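For this one, chain A is given, so just place chain B on it according to the hints.
Going down the list, the protein sequences come from chains A and B. Those letters in the first sequence? Residues 1 to 114, per the numbering used here, in order. Those letters in the second sequence? Residues 115 to 228, per the numbering used here, in order.
For the record, the hints were derived by calculation from the structure and aren't laboratory data. There could be a bad hint or two in this list.
[Claimed, not checked] Capping the alpha-carbon separation at 30 angstroms, the derived lysine-lysine pairs in DSBU-like fashion look like this:
id, chain 1, residue 1, chain 2, residue 2
1, B, Lys170, B, Lys182
2, B, Lys170, B, Lys191
3, A, Lys9, B, Lys174
4, A, Lys9, A, Lys57
5, B, Lys182, B, Lys215
6, A, Lys57, B, Lys215
7, A, Lys9, B, Lys170
8, B, Lys166, A, Lys57
9, A, Lys44, B, Lys215
10, B, Lys174, A, Lys44
11, A, Lys44, B, Lys166
12, A, Lys44, B, Lys182
13, A, Lys44, A, Lys9
14, B, Lys170, A, Lys44
15, A, Lys14, A, Lys57
16, B, Lys170, B, Lys215
17, B, Lys191, A, Lys44
18, B, Lys191, B, Lys215
The structure displayed is predicted, hence computed values, not measured ones.
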Amino acid sequence: NAGVTQTPKFRILKIGQSMTLQCTQDMNHNYMYWYRQDPGMGLKLIYYSVGAGITDKGEVPNGYNVSRSTTEDFPLRLELAAPSQTSVYFCASSYFSGTNYEQYFGPGTRLTVT
Amino acid sequence: GDSVTQMEGPVTLSEEAFLTINCTYTATGYPSLFWYVQYPGEGLQLLLKATKADDKGSNKGFEATYRKETTSFHLEKGSVQVSDSAVYFCALSDLNTGGFKTIFGAGTRLFVKA
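Just chain A, same shape as in the assembly (with noise of 0.2 angstroms):
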């Protein structure tokens, strides 16, 4: 299993272009998140999903957008890149079952926007 992958790696933006990061998961988990992480601070969620076809939104979800058509794949699109949007990005998937319950998360994408 690949777990969960994420491209690109690195991208830099200009202000007001937009871009999708991509995240895709094989562990036939239902449940995705999409986190940023600031320089020397905690991951804030800014959306998460329960299953194909259902979002919701986290802490911080302004200027992000989601979708979850399949199982596996959970983009998140930022439409008009903003300088505060500098940041590393998380996607993660996890199973739920009783008291068992772990995050798995991807490499991270680091965005610049400048």
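Same frame as chain A, but now just chain B:
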């Protein structure tokens, strides 16, 4: 709302020293508690977890005990190695409400010198 507070880093230790990273939490329900580790250039990975009061999570020589009376989940290791150098995140998730949202602390960077 729920929150997690970790001791600020960085923490710098010599090899074979004893490690403690403090973590306290506030939660309205009965959360499960986690420690995640992030090695340079990688995503987070689960280190250990505890799902109820007085549970002890352990893995790779690391331990943490869920203390409800002090709302704490401190991470300890008796003898650190250079390879333990990483960022450590304390986190909580209320699995009774589906566990969709995990709250992460800000992270504590650990440097271990040979």
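So, going through the hints one by one against the coordinates:
Restraint check: the Cα-Cα separation between B/Lys170 and B/Lys182 comes to about 12 angstroms, which is no more than 30 angstroms; the hinted pair holds. Taking the CA atoms of B/Lys170 and B/Lys191, the gap is near 13 angstroms; set against the 30 angstroms cutoff, the hint holds. As the CA atoms of A/Lys9 and B/Lys174 are separated by approximately 29 angstroms, the hinted pair is consistent with the 30 angstroms bound. Of the pairs offered as hints, the one joining A/Lys9 and A/Lys57 holds, with about 24 angstroms between alpha carbons and a cut-off of 30 angstroms not exceeded.
Straight-line distance between C-alpha atoms of B/Lys182 and B/Lys215 comes to about 20 angstroms, which keeps the hinted pair within the 30 angstroms bound. Of the pairs offered as hints, the one joining A/Lys57 and B/Lys215 holds, with about 11 angstroms between alpha carbons and a cut-off of 30 angstroms not exceeded. Between A/Lys9 and B/Lys170, the direct Cα distance comes to roughly 36 angstroms. Violation of the 30 angstroms bound is thereby established for this hinted pair. Distance hint between B/Lys166 and A/Lys57 is fulfilled; the C-alpha atoms sit about 28 angstroms from each other, no more than 30 angstroms.
In summary, the hint linking A/Lys44 to B/Lys215 is supported, as the alpha carbons are separated by about 10 angstroms, within the 30 angstroms threshold. For the hint pairing B/Lys174 with A/Lys44, the CA-to-CA distance comes to about 27 angstroms; that is within 30 angstroms, so the pair holds. Simply put, A/Lys44 and B/Lys166 have alpha-carbon atoms about 25 angstroms apart, close enough for the 30 angstroms limit, and the pair holds. Distance restraint check for A/Lys44 and B/Lys182: the Cα-Cα separation of roughly 25 angstroms lies within the 30 angstroms cut-off, and the hinted pair is therefore satisfied.
Annotation: proposed proximity of A/Lys44 to A/Lys9 holds, straight-line Cα distance about 19 angstroms (limit 30 angstroms). Between B/Lys170 and A/Lys44 the alpha-carbon distance is near 27 angstroms, which keeps this suggested pair within the 30 angstroms criterion. Between A/Lys14 and A/Lys57, the direct Cα distance comes to roughly 25 angstroms. Compliance with the 30 angstroms bound is thereby established for this hinted pair. With a C-alpha separation of about 22 angstroms, the suggested pair B/Lys170 and B/Lys215 falls inside the 30 angstroms cut-off, and the hint holds.
A distance of roughly 28 angstroms separates the Cα atoms of B/Lys191 and A/Lys44; the hinted pair therefore holds under the 30 angstroms criterion. At most 30 angstroms may separate the alpha-carbon atoms for a hinted pair to count; B/Lys191 and B/Lys215 meet this at roughly 28 angstroms.
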